[in-house]
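For the record, the sequence lines run as chains E and U. The first sequence begins at 78 in the numbering used here and counts up by one. The second sequence begins at 6 in the numbering used here and counts up by one.
These are computed hints drawn from the structure, not numbers from a lab. Predicted model, so just to flag it, every value in this text is computed and none were measured. All C-beta atoms in this analysis are idealised placements derived from N, C-alpha and C, irrespective of residue type, glycine included. Accuracy of the hints is not assured; some may be wrong.
[To be verified] To list a few chain E residues with every Cβ distance to chain U over 10 Å, as calculated:
1) 82
2) 89
3) 128
4) 184
5) 185
6) 186
7) 187
8) 192
9) 214
10) 278
11) 282
12) 288
13) 349
[To be verified] Using 20 Å as the maximum straight-line C-alpha spacing, the simulated EDC-like pairs for lysine to aspartate or glutamate come out as follows:
14) U:213 x U:146
15) E:346 x U:140
16) U:106 x U:153
17) U:208 x U:182
18) E:343 x U:146
19) U:98 x E:229
20) E:343 x U:265
21) U:208 x U:153
22) E:343 x U:140
23) U:213 x U:233
24) U:213 x U:182
25) U:322 x U:265
26) U:208 x U:184
27) U:98 x E:312
28) E:346 x U:95
29) U:106 x E:180
30) E:346 x U:21
31) U:322 x U:310
32) E:343 x U:101
33) E:346 x U:99
34) E:346 x U:49
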Amino acid sequence: MTTTAWGRSIRAALYKNWRLSITYPTWLLQRLLSPLVWVAIAVYAYTGVADPARIAEAFAEAAGTTGFTGFLILGQTLFSFFLGMNWRGGMAIQRERWYGTLEIVMLAPTSRVAFILGESVYGLLDSGWTVLLAMVIAMFAFDARFTVAHPEAALLAVLLALLAMVALGVFFSGFYLLTRSAGPLSSAVQAPIRFLAGVQFPVSALPTQIQYASFAIPVTYGIAAVRRVFLAGGDIAAVSGELLALALSTVVFFAIGAYLIGRMEKEAKRRGTLHVY
Amino acid sequence: MPEPAIRAQALVRTFDRKPEQGMGAAIKRLVGRGPPKGTITAVDHVDLEVARGEFFGLLGPNGAGKTTLVKLLSTLLLPSSGTAEVAGLDVVKDADAVRRKVGVVLGGERALYWRLTGRENLWYFSQLYDMPAKDARRRIDALLDVVDLADRADERVENYSKGMKQRLHVARGLLNDPDVLLLDEPSIGLDPHAARSVRALVKDLTTKHGKTVVLTTHYMYEADQLSDRVAIMSRGRILAVGTPTELKERYGGAHALVVEVARAGDALAARLGEVPGVARATEAGHDPARGVSRFRLLPVEGATENGLAAAVAETVKRAGASLIEYRIDRPTLEDAFVRATGETLE
């Protein structure tokens, strides 16, 4: 399949999803409110038990930054991107089953990975602007300050974090196909990843054994890298470990996802379950 | 001899029998008292050749294996054994190339994005088929004209009638200008007017556009009117192939009898079927305004018309009904189907 064909498949997914999403305008409410409310919950959970100066002091020791509201906002921003990928890329095949269109999509001579990649990229753009808007509101509401001393590090950290999320979307898509239970599984992974990735607290607060699980998830590295460059003014060297982990996880999750998608399509055709949800 | 558009050899597709669901069934299976595991053979050693440019009908009742055969030919299912080629390409080894050559129209109302317009649906699929934007726009406009949806193209599909959705399905199936079009029950659930319009549309695909068309249907009339050749399919097997005329001559018998009766009870069809010399009797229609039911009787070979007429009249009388009309009719494709399979098409 040519790169032009991949491009057309991705563009088709963007077009279809955009046209479909404008027919469901009420989703906007959830997309804007949810990240704001999650940040607010975490902020008030901290400020409800100690005054901000003491919290800042404790955060400096545990997370290397006094800006705990920024810490929470960045954690939620990255996690919201993950949710967008999980829903769009991960659920892509299952959603077509719901629409009743999976078989005709599978009749097209297009790469299945390109199709899912398109859905993931749409998830990135779609969740992107709402999440960023919500986070800007949160910044002003909770007086968060960011210090970007090295823009190239910030750009690289954000780019690699997002790429890792897209690869995770492709991986989840193949993984969910294994079970034909994409809906429940996609919901089931959300809370554990929110917990393990340190969205609302430093990962170092977790017991060591649980931290092993945290560091198996690319979202953890993405959040850590972005926090370090946006809150502590870190340069590329300061986040090189996280960047390497993100790059590696992108390759690994994308490869496993692509393999699973191909394998599962063949298996569904063998068992005759392509149209069943 | 030119290569056929479709060739299947000893094609078999089986499915695992689905286990009974629920806790009770699970316990029964655990203690070895569940139903035996097994397979269902949906397509059973099918041999088939369809010539290029031919309109080929697959006639059979629900569950005959027609849709499974279409899915095998369109690469949506893998065969359990045997081989199939479409446009000279193997459906397993060259699946991607087959998908470029084939268009598929699956029956029913789903398989479209209801919240998109007809044009948006076609645009989306044109891009999955790797069509350059300019070509896609031109092709979509042309196809919307062909399926007579140009003036409703920018309305959401959820506002379309069943017939319009089906015509949009046909347009989608033609987007890639396929050599072979597989139509699975395209007129199912449509009102007579919409069904007529879809039939006219698909007939044009061979006569005006030179496509090879395979149409599955359980409507005898549809197969008879549209097809150059028809395969009679039952329980996964193809039992007979020929032109509609050949099949009627081969299997339809010398003639059929049409009996119109007033005040027919529920059991009359069964009683007519037991008349000596009648191979099968089916209720072929009912006119509630007149209170008249119509039955179609297939005589056994060699049955004499006079003897039959008397026996039928006597049976109707004994059932408390009144004989309105008794006439001899030419055999139909459905008669041929019934004789070839021993089943009805419903």
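- Message: Which constraints among the numbered hints does this structure fail? Numbers only, ascending.
- Response: 1, 2, 4, 5, 6, 7, 8, 13, 15, 16, 18, 19, 20, 22, 27
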